[in-house]
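Undergrad: Whenever a hint applies, use it, and build me the whole structure from the sequences.
Residue numbers (this note's numbering), protein chains in the order written: chain G, 2 to 98; chain L, 2 to 98; chain H, 2 to 98; chain C, 2 to 98.
Note that these hints are calculated values from the structure, not bench results.
Wrong hints could be hidden among the right ones.
Each pair may be met inside one copy or between any two copies, as identical chains are not told apart.
[Claimed, not checked] Taking lysine-lysine and the DSS-like style, the derived pairs with C-alpha atoms no more than 30 Å apart in a straight line are:
1) 13 - 65
2) 13 - 95
3) 56 - 67
4) 56 - 95
5) 67 - 13
6) 95 - 67
7) 13 - 56
8) 95 - 65
4 protein chains.
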Amino acid sequence: MIVDFSIAPVGKGESLSASLVEVFELVDASGLSFEHHAMGTNIEGDWDEVMALVKACRDRMLEKAKRVSIFLRIDDRLGVTDGIRRKVASVEAKRRH
Amino acid sequence: MIVDFSIAPVGKGESLSASLVEVFELVDASGLSFEHHAMGTNIEGDWDEVMALVKACRDRMLEKAKRVSIFLRIDDRLGVTDGIRRKVASVEAKRRH
Amino acid sequence: MIVDFSIAPVGKGESLSASLVEVFELVDASGLSFEHHAMGTNIEGDWDEVMALVKACRDRMLEKAKRVSIFLRIDDRLGVTDGIRRKVASVEAKRRH
Amino acid sequence: MIVDFSIAPVGKGESLSASLVEVFELVDASGLSFEHHAMGTNIEGDWDEVMALVKACRDRMLEKAKRVSIFLRIDDRLGVTDGIRRKVASVEAKRRH
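TA: Set out below in structure tokens:
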């Protein structure tokens with residue numbers, strides 16, 4: 002499955018990038034496929050792998066903020082792996098015809 | 002924490018309510034506090050409780066559809082319980098003044 | 002269409018309810034059907050009506066905060082009105098059988 | 002502002018990429034800055050520009066499907082332009098130190 006994941010502390014100032022650095026390090030260290038974009042990070046893996054990573058990110062953020070906002074949008078498709086690359090390629094292929 | 006949770010099969014017809022009945026039964030049976038609304042269900046509990054329920058709903062849906070779309074928006078606030086009732090009451094109290 | 006709408010200032014403290022009071026007054030005054038829930042507000046109307054209201058809420062919030070986070074989830078179904086009430090009733094009816 | 006935008010027909014089969022081709026053409030033709038990712042498209046511009054584009058995409062999709070699901074997550078920050086590029090760069094810069 003692919004999860005579009007976004008996390009932010011609530012009430013810790015307008016600039017959020019400092020608090021995201023450690024979260025991104027956890028994503029890097031997870032070994033899962035991921036794609037950062039301007040509004041979040043797409044992570045690919047099975048349910049337990051991805052959710053363990055999301056929980057670790059949340060635990061890290063709650064060490065710094067008393068309130069955390071998390072957003073997850075999940076596309077869970079049986080039998081599909083390598084989905085991050087395939088999704089973009091699928092649309093691109095159709096546009097060329 | 003409170004999670005606004007929505008789940009839908011992809012590609013199974015326009016009417017989604019039939020596939021939601023079993024999901025709602027799992028929510029009922031969980032013993033967690035919840036609030037259904039027109040676009041989803043708010044569920045309150047600690048991380049592991051809520052996520053175990055969400056995973057069970059997803060597993061049930063994947064028995065009926067090969068592709069499932071899930072949306073989660075999480076408000077995780079240290080030390081807050083009874084949050085579903087409190088959030089609505091907090092705004093209502095301010096509006097009366 | 003029905004829109005699940007949530008808005009929050011970024012970096013203005015942990016408690017968000019004070020900043021929401023004026024937004025809720027705009028929703029009330031719009032004349033559109035709505036349903037508050039613990040994580041947002043469902044608003045029903047046609048595209049231009051609902052989006053004009055959302056923009057007015059955003060403009061009001063930007064008078065108080067330099068950065069605003071908005072979340073919208075839209076269920077747009079041709080020929081369906083009275084959707085907020087119908088959606089809940091549809092699932093409830095199936096559960097009774 | 003930056004909007005993370007995702008649109009899908011409801012009940013039109015598991016593969017969504019065919020229906021997205023025309024939507025992506027509208028995004029291309031808009032002249033706005035955008036970034037496709039595996040779960041959606043980030044679009045940058047002022048409120049009226051971005052929302053006019055989103056409405057055009059929805060109108061196109063409703064020509065093909067009777068029910069459409071749209072998701073928008075908005076980061077609206079006064080005085081910030083070139084935000085798609087800046088957000089990624091901001092986190093990357095902090096990670097190098």
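Undergrad: Return the numbers of the hints above that this structure violates; sort them in rising order.
TA: Going through the list in order, the structure violates no hint and respects every one.
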